[in-house]
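Peer 1: Spelled out, the chains give:
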Amino acid sequence: MTGQELIWRIAGGSGDGIDSTSQNFAKALMRSGLDVFTHRHYPSRIRGGHTFVEVRASNDDVRSRGDGYNFLLALGDSFARNPQEGAYYGNEEVKPLSENLHDLREGGVIVYDEGLLEEDDIADLNLEERAEENDWHVYPLNLREIAREHGREVMRNTAGVAATAALLGMDTSYFEELIQENMSGDVMEANLKVLDQAYDEVSEMDHDHDLTIPEAEAHDEDQVLLSGSNAIAYGALDEGCRFISGYPMTPWTDVFTIMSQNLPKFGGISEQVEDEIAAASLAIGASHAGVKAMSGSSGGGFALMSEPLGLAEMTETPVVLVEAMRAGPSTGMPTKPEQGDLEHVLYTSQGDSSRVVFAPGNLRECYDQTRKAFEIAYDYQIPAIVVYDQKLQGELRNVDEGFFDREPSGDPGSVLTEEEIAEAAHHESGKFQRFQHEPEDGSNVSPRSVPGQKDGRFLATGNEHNESGHISEDPQNRVFQMDRRLGKLDDIRTDLDENASHQTYHGPEDADHGILVWGSHQDTVFEAVDRLNENGHSVKALGVSDLMPYPVEEVSEWLESVDQALVVEMNATGQFRGLTQKEIGRFGPKLSSLLKYNGNPFEPHEIVEGFESSINGEELAANNMKYVPAAGD
Amino acid sequence: MSAFSAIGEERETDRDEFTPGIEPQATWCPGCGDFGVLKALKQAMPMVGKNPDEVALFTGIGCSGKLNSYFESYGFHTIHGRELPVARAAKLANPELEVIAAGGDGDNYGIGGNHFIHTARENHDMVSIVFNNEIFGLTKGQTSPTSPKGHKSKTQPSGSAKSPIRPLSLSLTAGASYVARTAAVNPNQAKEILAEAIEHDGFAHVDFLTQCPTWNKDAKQYVPYTDIQQSDEYDHDVSDRQEAAEIMYETESKLYEGEVLTGRYYVDEDRPSYQEEKSATGEMPDEPLAERYFDEDAEWERTADELLDYHK
Ligand SMILES: Cc1ncc(C[n+]2csc(CCOP(=O)(O)OP(=O)(O)O)c2C)c(N)n1
Ligand code: SF4
Numbered sequence: 001m002t003g004q005e006l007i008w009r010i011a012g013g014s015g016d017g018i019d020s021t022s023q024n025f026a027k028a029l030m031r032s033g034l035d036v037f038t039h040r041h042y043p044s045r046i047r048g049g050h051t052f053v054e055v056r057a058s059n060d061d062v063r064s065r066g067d068g069y070n071f072l073l074a075l076g077d078s079f080a081r082n083p084q085e086g087a088y089y090g091n092e093e094v095k096p097l098s099e100n101l102h103d104l105r106e107g108g109v110i111v112y113d114e115g116l117l118e119e120d121d122i123a124d125l126n127l128e129e130r131a132e133e134n135d136w137h138v139y140p141l142n143l144r145e146i147a148r149e150h151g152r153e154v155m156r157n158t159a160g161v162a163a164t165a166a167l168l169g170m171d172t173s174y175f176e177e178l179i180q181e182n183m184s185g186d187v188m189e190a191n192l193k194v195l196d197q198a199y200d201e202v203s204e205m206d207h208d209h210d211l212t213i214p215e216a217e218a219h220d221e222d223q224v225l226l227s228g229s230n231a232i233a234y235g236a237l238d239e240g241c242r243f244i245s246g247y248p249m250t251p252w253t254d255v256f257t258i259m260s261q262n263l264p265k266f267g268g269i270s271e272q273v274e275d276e277i278a279a280a281s282l283a284i285g286a287s288h289a290g291v292k293a294m295s296g297s298s299g300g301g302f303a304l305m306s307e308p309l310g311l312a313e314m315t316e317t318p319v320v321l322v323e324a325m326r327a328g329p330s331t332g333m334p335t336k337p338e339q340g341d342l343e344h345v346l347y348t349s350q351g352d353s354s355r356v357v358f359a360p361g362n363l364r365e366c367y368d369q370t371r372k373a374f375e376i377a378y379d380y381q382i383p384a385i386v387v388y389d390q391k392l393q394g395e396l397r398n399v400d401e402g403f404f405d406r407e408p409s410g411d412p413g414s415v416l417t418e419e420e421i422a423e424a425a426h427h428e429s430g431k432f433q434r435f436q437h438e439p440e441d442g443s444n445v446s447p448r449s450v451p452g453q454k455d456g457r458f459l460a461t462g463n464e465h466n467e468s469g470h471i472s473e474d475p476q477n478r479v480f481q482m483d484r485r486l487g488k489l490d491d492i493r494t495d496l497d498e499n500a501s502h503q504t505y506h507g508p509e510d511a512d513h514g515i516l517v518w519g520s521h522q523d524t525v526f527e528a529v530d531r532l533n534e535n536g537h538s539v540k541a542l543g544v545s546d547l548m549p550y551p552v553e554e555v556s557e558w559l560e561s562v563d564q565a566l567v568v569e570m571n572a573t574g575q576f577r578g579l580t581q582k583e584i585g586r587f588g589p590k591l592s593s594l595l596k597y598n599g600n601p602f603e604p605h606e607i608v609e610g611f612e613s614s615i616n617g618e619e620l621a622a623n624n625m626k627y628v629p630a631a632g633d
Numbered sequence: 634m635s636a637f638s639a640i641g642e643e644r645e646t647d648r649d650e651f652t653p654g655i656e657p658q659a660t661w662c663p664g665c666g667d668f669g670v671l672k673a674l675k676q677a678m679p680m681v682g683k684n685p686d687e688v689a690l691f692t693g694i695g696c697s698g699k700l701n702s703y704f705e706s707y708g709f710h711t712i713h714g715r716e717l718p719v720a721r722a723a724k725l726a727n728p729e730l731e732v733i734a735a736g737g738d739g740d741n742y743g744i745g746g747n748h749f750i751h752t753a754r755e756n757h758d759m760v761s762i763v764f765n766n767e768i769f770g771l772t773k774g775q776t777s778p779t780s781p782k783g784h785k786s787k788t789q790p791s792g793s794a795k796s797p798i799r800p801l802s803l804s805l806t807a808g809a810s811y812v813a814r815t816a817a818v819n820p821n822q823a824k825e826i827l828a829e830a831i832e833h834d835g836f837a838h839v840d841f842l843t844q845c846p847t848w849n850k851d852a853k854q855y856v857p858y859t860d861i862q863q864s865d866e867y868d869h870d871v872s873d874r875q876e877a878a879e880i881m882y883e884t885e886s887k888l889y890e891g892e893v894l895t896g897r898y899y900v901d902e903d904r905p906s907y908q909e910e911k912s913a914t915g916e917m918p919d920e921p922l923a924e925r926y927f928d929e930d931a932e933w934e935r936t937a938d939e940l941l942d943y944h945k
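Protein chains in written order, with the working numbering: chain F, 1 to 633; chain C, 634 to 945.
Watch out, some of these pointers could steer you wrong.
Distance windows between CB atoms, simulated [as the list claims (entries may be wrong)]: (1) Lys-887/C x Ala-425/F: 53 to 59 Å; (2) Thr-914/C x Asp-124/F: 19 to 25 Å; (3) Arg-152/F x Thr-914/C: 32 to 38 Å; (4) Asp-441/F x Arg-648/C: 33 to 39 Å; (5) Gly-891/C x Pro-264/F: 50 to 56 Å; (6) Gln-875/C x Glu-274/F: 25 to 31 Å; (7) Glu-274/F x Asp-930/C: 54 to 60 Å; (8) Glu-274/F x Ser-886/C: 24 to 30 Å; (9) Thr-417/F x Glu-890/C: 54 to 60 Å; (10) Glu-438/F x Lys-787/C: 24 to 30 Å; (11) Asp-490/F x Arg-644/C: 41 to 47 Å.
Beyond 12 Å from chain F on every Cβ pair, some chain C residues (computed) [unchecked claim]: (12) Lys-675; (13) Val-681; (14) Lys-773; (15) Gln-789; (16) Lys-795; (17) Ile-798; (18) Pro-857; (19) Glu-866; (20) Glu-883; (21) Gly-891; (22) Glu-892; (23) Val-893; (24) Ser-906; (25) Glu-909.
Read the hints as simulated data drawn from the structure, not as lab findings. We treat Cβ as the ideally placed atom computed from N, Cα and C, and that holds for glycine.
Please take these sequences and the hints and turn them into a complete structure.
Peer 2: Okay, structure coming up:
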């Protein structure tokens, strides 16, 4: 990041409207012509409890949450005001201010809502002293009072946004527009008034900080602001998915909700069912009957899908499953990201896995790889899993809407028409040869039929079966069928290599050192790599988004070209490093790990620090990460 | 030509069409009640005017799950207890298919009990045939949810401490709109009931008593059954829920003491099927969803045109 940037943090209690306020704030910044990125932090609690959202904005590309922040809007936790003294909530009004001071950058600006806070609490914080030390500029404002005076108390969010605008020299017209678009009647009027008055009041105050809103070029009207979950859902819809079945579990619920709200508009069906076993089973049933279908869950729910997933593999029923990871084991940390389900996703279910796994690295890949997952699943008759995490799920980014303007497709893949079935091979039982040992086109895909088609009858079974689908334990047949099912993975690898490799290379090609990363942390790593190179290091990065079949050749070549590679991932055991070693079978001594598993995503500076201490052979200074040296070191 | 020209094809069919052209590997023991279900099902097909290509049969795991091997149609032998969720999605995807689900008492009252309750509750338009032999057959004779209290097996050597489940009461309470019981030894009643269940518009639960001579020699499947529709003693109004509940309770209490009642217990013609309910909320497409993928003129809308404005 070369240019000037704003990282605005709004903090309050869950349920205080932090989320919607920050979304509107981000949208307003986007409309003013800036590039934006949001990062959400929230507890597993519906109301009350410390929550914050960061909005990072710059005239340059923003790729991650960034390091720390430079503007804090602390609204006070209104749900902390518990009528029952000493009860569970405790007295936490001050938390949005007190808990957020450690990452505030030097020269940063603080606005807090003094209307919610006791003077004693503020005194306990030593705010003045600390502000002097860090050159912070503190503005206690009675946002609650302003909101009350011109509207209602809940509108203190609007007052806070207006104060931000006044202090940073921002144009409030974008906020006005958003209020007009999203509200109506008295509520709209009141909010506009609060916005206006708060802006005027704060503008008249003396300011002594340098921070201003980054200068923007003209707004590009084609920008849209959305999350990884939006992109996954839209990818599915564009690729002709018209059936979803699910059971709520954070963070998967997001995709499920977006799909459920939109599918009926596109003539599709959404089913919320009794559990995750049913959810995956329904998707399989719909697909068997000829519809492009998906399901998904998060860790524990995905565990329940293990058996139907195996059924889809054995019956060669196409289906797409989404796994939105959160920290485990078991229910783990429901609202915190982690990349700890990798091995679960790759290998769960009995027998040898024949499935495809994609792990999008950013919003664009969420869309692209979901489309690809459907295409591969239906062309090759294999389940495909899109694995992402709470981080990609929640973060909003702007992207050009033209990116989504692709040809929609309802291509059912390798399903035959009735005319084609009439020509196809039939077993003496009268059944269509659904599972031929050697399909006519020389591929490993034996074409399928769909119930209701004339003369396409076959039996799908989770037991091993012969060419027409009858249960068979014949040893020769077993080997034929296993080899064909597993052989599809090689075909898919070739297909992806030729048409749609999703690996991302970053940094100078001839760099000495490498950082290998998968999934949602790719952009954070790329930002760190730029900084490392500015600091005089010679580093490049490879972001891997196709996990199974593994891009053995691409990764091998890249690993060949570096002296050492640091594998960055958000889990405690280095699962992706393990996968890489297993799949490639060499390079063990080149690979070390930088791991973080405390529930908070990496910030770019942490990767810089981790990398530097790893090449200098020093202990990691930060205690929120773990360094694991290469095997054989 | 339609992509699904077998559906609704108007021609006479024959029960032999539902027999696979080759003899499947023999998997059922001689004298097994499952043969009775197979026979009744084959006989019911011509009665309801179906051909093998428009029938999708979903089974669970167990001896009952082998039904697909003996019955010629589109088949899906799923996993233990899961045939109902797989089946009901196929019906939603293509409501014109004749969807039949079949599983054991282990499948439907045990491991898949949750699915059974919810499929009945939602009143999906399908038949669920439960092979009730009061035992786990395929895993060699363990106690099942319908085994009587005190039943001894290798895994319950001192006799089961559990009272058996009451399948009829269960599905009635859950919301099934057709509940009947028949038995492998009553072939005439069985085929009539299956034909009726298939034609019923909603979830039709048929608890099918099947003897397992291999593992459950003591069970009462051999006693003569009383058909409640044929017996003068019972003047039963099948549309009366209360009456149905009472008679079910009575027979479920006496099942292990000798008297076994069979027949239609409850038929609710008025309750809309799940598809109809879903259509009413505007969440069910008018045309069978599966047709779309074969229709060259189908429009596949872009999300970009519809949804992105919201994100601007
Ligand atoms: C998840 C799972 N658990 C256990 C089994 C083993 N299993 C196979 S059949 C069966 C019992 C079947 O009993 P029932 O459904 O009554 O059918 P029956 O064999 O009596 O027809 C069991 C426990 C399995 N296949 N899958
Ligand atoms: S074990 Fe019992 S249920 Fe299974 S085939 Fe033999 S007789 Fe039938």
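Peer 1: Confirm or reject each hint.
Peer 2: Do the hints match the structure? See the list:
1. Hint check: Lys-887/C to Ala-425/F, Cβ distance near 54 Å, so the stated range 53 to 59 Å holds.
2. About 54 Å separates the C-beta atoms of Thr-914/C and Asp-124/F, a value inconsistent with the hinted range of 19 to 25 Å.
3. At roughly 35 Å, the beta carbons of Arg-152/F and Thr-914/C sit within the given window of 32 to 38 Å.
4. A hinted range of 33 to 39 Å holds for the C-beta pair Asp-441/F and Arg-648/C, which are about 38 Å apart.
5. The given range of 50 to 56 Å is respected by Gly-891/C and Pro-264/F, whose C-beta atoms sit roughly 53 Å from each other.
6. Against the hinted window of 25 to 31 Å, the Cβ-Cβ separation of Gln-875/C and Glu-274/F comes to about 27 Å, which satisfies the hint.
7. Take Glu-274/F and Asp-930/C: their Cβ atoms lie about 37 Å apart, and the range 54 to 60 Å is violated.
8. For Glu-274/F and Ser-886/C, the Cβ-Cβ distance of about 29 Å falls inside the hinted range of 24 to 30 Å, so the restraint holds.
9. As the Cβ distance of Thr-417/F to Glu-890/C is approximately 58 Å, the hint placing it in 54 to 60 Å holds.
10. At roughly 44 Å, the beta-carbon separation of Glu-438/F and Lys-787/C lies outside the given 24 to 30 Å, and the hint is violated.
11. In this structure, Asp-490/F and Arg-644/C meet the distance hint of 41 to 47 Å, their C-beta atoms being roughly 45 Å apart.
12. The beta carbon of Lys-675/C sits about 15 Å from the closest Cβ of chain F, which is more than 12 Å, so the claim that it is off the interface holds.
13. Separation of Val-681/C from chain F is adequate, the least Cβ-Cβ distance of about 16 Å exceeding the 12 Å criterion.
14. For Lys-773/C, the condition that its CB be more than 12 Å from all CB atoms of chain F holds, with the nearest at approximately 17 Å.
15. No beta-carbon of chain F comes within 12 Å of the beta-carbon of Gln-789/C; the shortest separation is about 25 Å.
16. Consistency note on Lys-795/C: stated as away from chain F, and its beta-carbon is indeed over 12 Å from all of that chain's, at 23 Å minimum.
17. Residue-level check passed: Ile-798/C sits 18 Å from the nearest beta carbon of chain F, beyond 12 Å.
18. With 12 Å as the threshold on Cβ separation, the claim that Pro-857/C sits away from chain F holds: the shortest Cβ distance comes to roughly 36 Å.
19. With 12 Å as the threshold on Cβ separation, the claim that Glu-866/C sits away from chain F holds: the shortest Cβ distance comes to roughly 39 Å.
20. Separation of Glu-883/C from chain F is adequate, the least Cβ-Cβ distance of about 30 Å exceeding the 12 Å criterion.
21. Against chain F, the non-interface label of Gly-891/C holds: every CB pair exceeds 12 Å, the least being about 37 Å.
22. Every C-beta of chain F lies more than 12 Å from that of Glu-892/C, the closest at about 35 Å, which supports listing it as non-interface.
23. Even its closest Cβ contact with chain F, about 31 Å, leaves Val-893/C beyond 12 Å, as expected for a residue assigned away from the interface.
24. No beta-carbon of chain F is positioned within 12 Å of the beta-carbon of Ser-906/C; the least distance is around 15 Å.
25. With a minimum CB-CB distance of about 14 Å to chain F, Glu-909/C clears the 12 Å threshold, and the non-interface call stands.
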